[in-house]
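Those protein sequences? They're chains A and B, same order as listed.
The first sequence: position 535 = 535 (full-length UniProt numbering), numbered continuously.
The second sequence: position 557 = 557 (full-length UniProt numbering), numbered continuously.
None of these hints come from the bench; they were simulated from the model.
Check before you lean on any hint, since a few could be wrong.
Remember, identical chains collapse to one label, so a pair may be satisfied in a single copy or spanning two.
Calculated lysine-lysine pairs in the DSS-like style (CA-CA distance at most 30 Å, straight line) [said to hold, decoys possible]:
1) Lys281 x Lys394
2) Lys281 x Lys406
3) Lys190 x Lys394
4) Lys394 x Lys334
5) Lys190 x Lys334
6) Lys15 x Lys334
7) Lys281 x Lys334
8) Lys406 x Lys334
9) Lys406 x Lys394
10) Lys406 x Lys190
11) Lys190 x Lys281
12) Lys406 x Lys15
13) Lys281 x Lys15
14) Lys394 x Lys15
In this text the structure is predicted, and so the values were computed from the model without any measurement.
Number of protein chains: 2
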Amino acid sequence: MTATAPTSTHALLDKHAGVLDEIREALRTRSWYSRYPESPSPRVYGETAAADGAAAFEAHRNTRYAAELVSATDGRWVGGEVSPYGPTLGVEYPGLDVDGALRAARGALPAWRDAGPQVRAAVCVEIVDRLHQRSFEIGNAVMHTSGQPFVMAFQAGGPQAQDRALEAIAAGLVEQERVPESVVWERPAKGEPIRMQKDYRIVGRGIGLVIGCNTFPTWNAYPAIFADLVTGNAVVVKPHPHAILPLAITVEVARTVLSEAGFDPALVQLAAENDGQGLAKVLAERSEIAIIDYTGGPTFGAWLEQAGAARGALVYTEKAGLNTIVVDSTDDLKGALGNLAFSLSLYSGQMCTAPQNIYVADSGVDTNEGHLSFDEFADRLATAVQRLTGDDAKAVEILGATVNDKVRGNADSLESIATEAEGRVVLESRRVTHPAYDQAVVRAPGLVAVDVSREDVYTEECFGPVGFLIRTSSTEQSLAQLADTVHEHGAMTASVYSTDEAVLEAAREAAAEGGVALSENLTGQIFVNQTAAFSDLHGTGANPAANAAYADAAFVANRFRVITSRRHV
Amino acid sequence: MTATAPTSTHALLDKHAGVLDEIREALRTRSWYSRYPESPSPRVYGETAAADGAAAFEAHRNTRYAAELVSATDGRWVGGEVSPYGPTLGVEYPGLDVDGALRAARGALPAWRDAGPQVRAAVCVEIVDRLHQRSFEIGNAVMHTSGQPFVMAFQAGGPQAQDRALEAIAAGLVEQERVPESVVWERPAKGEPIRMQKDYRIVGRGIGLVIGCNTFPTWNAYPAIFADLVTGNAVVVKPHPHAILPLAITVEVARTVLSEAGFDPALVQLAAENDGQGLAKVLAERSEIAIIDYTGGPTFGAWLEQAGAARGALVYTEKAGLNTIVVDSTDDLKGALGNLAFSLSLYSGQMCTAPQNIYVADSGVDTNEGHLSFDEFADRLATAVQRLTGDDAKAVEILGATVNDKVRGNADSLESIATEAEGRVVLESRRVTHPAYDQAVVRAPGLVAVDVSREDVYTEECFGPVGFLIRTSSTEQSLAQLADTVHEHGAMTASVYSTDEAVLEAAREAAAEGGVALSENLTGQIFVNQTAAFSDLHGTGANPAANAAYADAAFVANRFRVITSRRHV
């Protein structure tokens, strides 16, 4: 067997070969790796970075987007984004000519395919590096479309999303590199062995459709966008109609880098739309779309899964779930309560990873501050939330703004839930006044205590600042509920607090049974809501909340195919 | 970062650690590798092996299958296999109690999961080794269910299927091993770094359903069976009702090895059925079935794909296609014709990889024996087929027996196709008399010449001993037809004959465009129908004939999921 070395060359491959080595290794070892500092500090990014980024964001407002975002437009201008903080963005984007755009994307594929995995990966890294340079602009855009507080919008929308992009690039790259480009195969035979040269050619599936969400427009879209690109596909990026700008900037940067690198910018195009236009469905039904990635509600997600299967398209979805916490005991009550309060409060619980269902046994919780009854524990958690979010000016930097009326409705529903479920409102969802944006609707988390028997109440996702404290007969029942409800309804995250190794081991079993990742005894600066690129998988693909994970082999391996040609030599 | 070594131990892991190393390396390099000699010669297998195997096969006949094949039976006995060579097999198999069987399979999963990838792989290798010991018995069973000639039934049903099983084991094993069992993750922070231990646990999806086919009961089922098992799943094996015995023997061996190795045999169970019982559909609709693998007709395959997607099951299908050959020119006419004649004749074209559509330009073919017109080339190919299959006694060892009435109908349809399509019957499908089995219906390949315009005739699969010689305006058009018809209708194989490097390069482009593997200028003992485990992928997953390939990363990576648990250390 002889394998030939990759033959592709490109200036960007020379530039980024070192990065490709780093990210291959980081993925292999699942060790800590970050290319992009997550602190928006001027010491890191320079004294003018924040102001420059804010100005760049402001420059988009009340204009038609200046750079080219599509390769074929229908001539209309679309977009009606309104910031959850109040202001109308007033940005207009070119409408997509679907036929022309898909034709252009198909035309761009052969050269992208023939560039090979390493060149594609290097071009993708360059795109991410250039996105990084616009992190403050993107941070403002994410803040004013998702309602995230600024620091979070900067971090999750900028560096953390960029690291997840690199992770997807690494995953796609190494998966392609597992197949040699060419081998000489030699089969023993009577007399001379039979020798054949076999060339293995990586071929993308075609055009990917990435359907973004309102709350994490970049973070949830980048893994799919870069997984598609690195494996030789083109991408149509369809943002949520309320969160177009962050992905428009992304598409602009990608197209610019592609052009500069000698590729057709039609490989990445924006499919912006007005509210209610239904463009995702139109695109998802096109035979040219070979891969669909979706983050959003379960109803449309389920439709996509079936419609995709009906015509052989791959569909990766992240939908909804019941993120679950089991509290058994702790030797650091203050740390546990502080950590839980922050997880509940961050972005008002509007994260797909925010906890919703907190199981506590009727017998209460043993702690380093003594035994707490169920109700005492509930009240202590309420106090921790109040302490964290009691000061309006400070609270808004954690809570952000509510993104839509559904979330606001959920925040207002605690009293009626408690009445309906014969439970107790442990903490009302407090209305917070934003010192800078008086139109923003800001809500602190509320808590309702209910009995474990009331699955009718707590086994539906109640998105936003609402947590359920669920009284069980024992920690054993709490863990059984974790396994059962996650298996049936899905979850992106789970965590457990216990000082008992046997309980922790049982929790690991329950998490494996339910198919959800488990965090244990988080009391410091790591939160159950957060996952680290290259190390923590986001989602598992093993429960109904998501059929894939960022970014394992299964997320990338089927986005390309291998075409062999063989001949005697 | 520290990664811990795998901690699992098992006697079979000690026994097969060397084999696991060999197959990991063979898959990585895609070099020649075979553990099981494919020649049924007594010099390889011993003087009595053939007779012993035949006797073991005969011992099954007209009995209830002696060994236990299910973990829960409904008390009925099913099975009505009749050999394509004539004899009734008369074997009866226990009917499956679906509820009980799936419950038993689920109960067997935790221990299988906790055994870890290496132990599972070693147990799987032991199963394959033990299947190998029964290759002659299995060869007879494959012959008398599929209609394959004996040597082919031995090779494809025995050693070659076993090598494909090893390939799937290797692919599944290395994909699981890419994820470390445990790492310590260390994030720089002000003061002390944040350190977490992260454990990654491999969890199978649950229960796989493998739906076998009539023509290659073992070869087409083994990749899925062993991919499921090695990645921690249980398997229900649902054979074609006409080809149960080869998979019953397989299930018996698997259950025996599992029991001996300390695992619950419920991990592998047989779902035998009578003709028309519809058990595949019943099983495919069960929520416990997480993975479906299917080889068979496109209608049921498409239903499975949609039904699976509707409830989140993975579905891998191999359906039907138009295997395609383009003849441009050759410097070894005799070798090319001999190779083509054999590919058309082997098992009467009843291989999913057998050629059907042979494109030749109207201007004819340049050869080392001078220029041949389209019709001259067609007649030369007919002569080559006649020469190969002219002697009945020798012919049956290549042709085998026709497997069903559909194939026989296709063989009888040449005259009407030619009339309908204004074409020419180049060669009638000759009726061959089997010297040993007078009830066998044996047919040699027939050839019809038609114009390229008659896509209505040649773009449907005509399974069995029928080849179309399709007259095009040029080799360029031939290659365009290859790309277009394969892209639209699918194909498992393609090949090209040309002495012109530019034509070969264009053929590689057409194959990449259509999404099919290409063989070039086969004139010796390698045939387009045949693929080598560990080196050639079977199918590409890039055209409608199959949505997966044996056995790439995409075939295995999604059969298991990774569940993380993390904690501060």
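We went through each hint and held it up to the structure:
1. Lys281 x Lys394: The answer is neither: 41 Å in one copy and 59 Å across copies each exceed 30 Å.
2. Lys281 x Lys406: within (22 Å within a copy, 40 Å between copies)
3. Lys190 x Lys394: Between. Shortest inter-copy distance 23 Å satisfies the 30 Å Cα cut-off; intra-copy 81 Å does not.
4. Lys394 x Lys334: within (20 Å within a copy, 85 Å between copies)
5. Lys190 x Lys334: Classified as between: cross-chain Cα gap 21 Å, same-chain 77 Å, threshold 30 Å.
6. Lys15 x Lys334: neither (48 Å within a copy, 53 Å between copies)
7. Lys281 x Lys334: neither (48 Å within a copy, 55 Å between copies)
8. Lys406 x Lys334: neither (32 Å within a copy, 75 Å between copies)
9. Lys406 x Lys394: Only inside one copy: Lys406 and Lys394 sit 25 Å apart there, 76 Å across copies, limit 30 Å.
10. Lys406 x Lys190: neither (75 Å within a copy, 39 Å between copies)
11. Lys190 x Lys281: neither (59 Å within a copy, 48 Å between copies)
12. Lys406 x Lys15: Classified as neither: same-chain Cα gap 47 Å, cross-chain 60 Å, threshold 30 Å.
13. Lys281 x Lys15: Answer is neither: 40 Å inside a copy and 54 Å across each miss the 30 Å cutoff.
14. Lys394 x Lys15: neither (43 Å within a copy, 64 Å between copies)
In summary, the structure is inconsistent with hints 1, 6, 7, 8, 10, 11, 12, 13, 14 from the numbered list given earlier, while agreeing with the others.
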